[in-house]
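Chemist: Listed in order, the protein sequences are those of chains A and B. Numbering (the working numbering) for the first sequence: 1 to 300. Numbering (the working numbering) for the second sequence: 1 to 195.
Fair warning: there could be bad hints in the mix.
Simulated pairs of lysine-lysine, PhoX-like, Cα-Cα distance not exceeding 20 Å [claimed, not checked]:
id, chain 1, residue 1, chain 2, residue 2
1, A, 102, B, 85
2, A, 164, B, 68
3, A, 118, B, 192
4, A, 110, B, 192
5, A, 164, A, 110
6, A, 176, A, 118
7, B, 192, B, 109
8, B, 50, B, 165
9, B, 73, A, 102
10, A, 102, A, 213
11, A, 118, A, 102
12, A, 165, B, 80
13, A, 164, B, 39
14, A, 102, B, 165
15, A, 205, A, 176
16, A, 164, B, 124
17, A, 176, A, 231
18, A, 164, A, 205
19, A, 165, B, 50
20, B, 73, B, 91
21, B, 109, B, 85
Residues from chain B that face chain A, not an exhaustive set, calculated with beta carbons under 10 Å [stated by the list, open to error]:
id, residue
22, 69
23, 70
24, 88
In short, the hints are calculated from the structure, not lab data. Heads up, the beta-carbon is just placed ideally off N, CA and C, and yes, glycines get one too.
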Amino acid sequence: MKRTHTFLFVLYFALVSLAAQSDVIGQGLDSAALAKAKSPSVTLPMREGSLRLAVFGDAGRGSKEQYDLGRVMADYRQTVLFDWVLLTGDNIYGPDSPADMKNKFELPYKSMLDAGVKFYGSLGNHDTSNQRFYAPFNMNGEEYYRVERSGVSFYALNSNYLDKKQLDWFAAELAKDRNAWRIAFFHHPPYSSGGRHGSDDEVRKILHPLFVKSGIDVVFTGHDHFYERVKPQDGITYFVAGAAGKIRKGDLKDRSPITAAGFDSDLSFMIIEFVGDDMHFQAISKAGNTVDSGAIKRRD
Amino acid sequence: MKFVVNPYTLVFILASPVFIVTAQTDSTGTQAQDVRTDKIAATAFENRVKEYTDRREAIEAGLPALPKQATAKQIDAHKKALLRKVRASRKRARRGQIFTPEAEALIRKIVIDQYPARDRMELKKELAEAENKSVAVKVNGVYPEAAELLEMPPTLLVALPQLPKQVRYRFVSTSLLIVDRESHLIVDFMTKALP
């Protein structure tokens with residue numbers, strides 16, 4: 001009898017250790033429960049009155065993982081108090097009927113929507129153009145647009161369809177922009193170390209020279225289902241934040257010369273804060289672990 | 001050393017600039033003619049697309065206006081009503097009414113100009129791997145919302161005849177489609193757009 005108890009205790013201990021280990025490497029057994037137990041650990045400076053946002057993409061699958069990550073985001077929001085979210089596209093996979101919009105967007109982020117958080121959409125290759133009218137995406141009927149706040153301009157672009165009209169609009173907006181910070185967000189990454197998609201050469205050929213010339217400081221993209229911070233390219237920092245619905249494990253190429261940091265073993269999202277000439281960032285996994293953090297100086 | 005020039009050689013040397021200039025003029029003339037022909041084909045193509053978008057705009061104007069901050073239900077209802085009415089208005093639409101043989105030739109030429117053979121092979125490979133292969137391509141059919149919308153290569157988009165905002169170019173394999181942006185109606189298409 002005593003021996004059975006000892007065996008059960010050892011088995012229980014082994015299982016608990018295994019679960020904790022899995023959590024650390026980002027493959028949580030029940031990560032929602034584990035994450036809930038983990039209180040948010042914030043590396044941002046949390047300066048009073050600063051602008052704070054969250055960034056994520058490739059989320060809208062309606063999967064359990066999406067909901068789990070949504071809960072972690074909501075937990076962080078209560079500490080970080082971000083009230084804007086930038087979406088890097090693929091907001092709704094598959095059909096986008098009213099029921100789909102509910103299951104793939106409104107319910108996973110219900111607590112944030114209820115708290116008044118504003119989401120700003122950009123369109124991915126799985127999104128239909130009609131989403132530009134969807135009120136919670138705040139696109140006001142436009143596939144590309146600019147919003148600004150606290151001296152920061154955010155340009156949402158439609159990288160599915162970079163036609164002359166859009167490029168002309170972008171150039172005209174940049175010419176009249178007087179904000180110190182200029183951020184672009186869209187779906188297809190000009191720089192990425194993904195094995196499945198990787199850098200989009202066509203998008204890079206068109207947009208990167210424009211970004212360099214016009215003083216874009218930071219670019220957020222998705223499409224590849226992982227997190228990556230790319231080494232500055234001509235002074236511009238590119239992020240891939242496409243891991244909010246499904247992870248493509250092991251897709252981040254080993255020893256990619258452009259990777260500054262990466263994480264491809266669990267879902268993740270980002271939080272950012274602007275303090276003067278610095279943009280602080282933190283990437284957080286579904287298990288609640290910080291997988292990257294730091295600060296980026298604004299380009300002169 | 002005495003330098004003797006053969007008279008025939010002298011005539012040839014003196015006449016060559018004339019030949020070269022004439023050949024260049026002919027080549028420039030042909031190029032100019034090609035540019036004019038391309039321009040005519042592009043304008044005619046754009047006009048045919050505009051006929052579609054004008055009719056479609058008139059139909060949309062008869063529907064309840066979609067607010068810029070709409071609910072999912074409003075968007076869905078608008079999309080379905082637009083599709084139903086536009087489709088009904090073009091029951092006789094046939095393939096090739098917009099992509100005429102002249103337009104197809106122009107587009108293939110633009111593709112060849114934009115993409116060297118190796119890049120075309122690369123693009124074909126990407127299109128073959130895309131998740132939209134199962135889309136049934138037919139005029140007045142619908143591009144399914146569940147299918148991936150392939151990114152159009154921006155350098156090609158800038159070179160192709162420009163489309164009004166209501167319609168989009170889309171690739172399905174090597175077929176190039178014109179698709180209505182809101183209703184997803186396939187307005188017309190051409191095959192073998194990547195020679």
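Chemist: Does each hint hold? Answer for all of them.
Modeler: Status of the hints after comparison with the structure:
1. Proximity of residue 102 of chain A to residue 85 of chain B is assessed by CA-CA distance (about 27 Å); at most 20 Å being required, the pair is judged violated.
2. At most 20 Å may separate the alpha-carbon atoms for a hinted pair to count; residue 164 of chain A and residue 68 of chain B exceed this at roughly 23 Å.
3. Between residue 118 of chain A and residue 192 of chain B, the direct Cα distance comes to roughly 44 Å. Violation of the 20 Å bound is thereby established for this hinted pair.
4. For the hint pairing residue 110 of chain A with residue 192 of chain B, the CA-to-CA distance comes to about 46 Å; that exceeds 20 Å, so the pair is violated.
5. Simply put, residue 164 of chain A and residue 110 of chain A have alpha-carbon atoms about 37 Å apart, too far for the 20 Å limit, and the pair is violated.
6. Between residue 176 of chain A and residue 118 of chain A the CA atoms are separated by roughly 25 Å; this puts the pair beyond 20 Å, and the hint is violated.
7. Between residue 192 of chain B and residue 109 of chain B, the direct Cα distance comes to roughly 12 Å. Compliance with the 20 Å bound is thereby established for this hinted pair.
8. The suggested pairing of residue 50 of chain B with residue 165 of chain B holds, with an alpha-carbon distance near 10 Å, which does not exceed 20 Å.
9. Using a Cα cut-off of 20 Å, the hinted pair residue 73 of chain B and residue 102 of chain A holds, with the two alpha carbons roughly 11 Å apart.
10. Restraint check: the Cα-Cα separation between residue 102 of chain A and residue 213 of chain A comes to about 41 Å, which exceeds 20 Å; the hinted pair is violated.
11. For a cut-off of 20 Å, the pair hint linking residue 118 of chain A to residue 102 of chain A stands: about 16 Å separates their Cα positions.
12. The suggested pairing of residue 165 of chain A with residue 80 of chain B is violated, with an alpha-carbon distance near 27 Å, which exceeds 20 Å.
13. This hinted pair checks out: residue 164 of chain A and residue 39 of chain B have alpha carbons roughly 18 Å apart, not beyond 20 Å.
14. Straight-line distance between C-alpha atoms of residue 102 of chain A and residue 165 of chain B comes to about 28 Å, which puts the hinted pair past the 20 Å bound.
15. At most 20 Å may separate the alpha-carbon atoms for a hinted pair to count; residue 205 of chain A and residue 176 of chain A exceed this at roughly 23 Å.
16. Restraint check: the Cα-Cα separation between residue 164 of chain A and residue 124 of chain B comes to about 24 Å, which exceeds 20 Å; the hinted pair is violated.
17. As the CA atoms of residue 176 of chain A and residue 231 of chain A are separated by approximately 29 Å, the hinted pair breaks the 20 Å bound.
18. For the suggested pair residue 164 of chain A and residue 205 of chain A, the alpha carbons sit about 14 Å apart, so the restraint of at most 20 Å is met.
19. Between residue 165 of chain A and residue 50 of chain B the CA atoms are separated by roughly 16 Å; this keeps the pair inside 20 Å, and the hint holds.
20. For a cut-off of 20 Å, the pair hint linking residue 73 of chain B to residue 91 of chain B is broken: about 27 Å separates their Cα positions.
21. Distance check on the hinted pair: residue 109 of chain B and residue 85 of chain B sit about 35 Å apart at the alpha-carbon level, beyond 20 Å; violated.
22. Residue-level restraint check for residue 69 of chain B holds (minimum Cβ-Cβ distance to chain A is 4 Å; threshold 10 Å).
23. A hinted interface residue such as residue 70 of chain B counts as satisfied when its beta carbon comes closer than 10 Å to some beta carbon of chain A; here the least separation is about 4 Å, so the hint holds.
24. Hint on residue 88 of chain B is violated. Least Cβ distance to chain A is approximately 20 Å, over the 10 Å limit.
Checked against the numbered hints above, the structure violates hints 1, 2, 3, 4, 5, 6, 10, 12, 14, 15, 16, 17, 20, 21 and 24; every other hint is satisfied.
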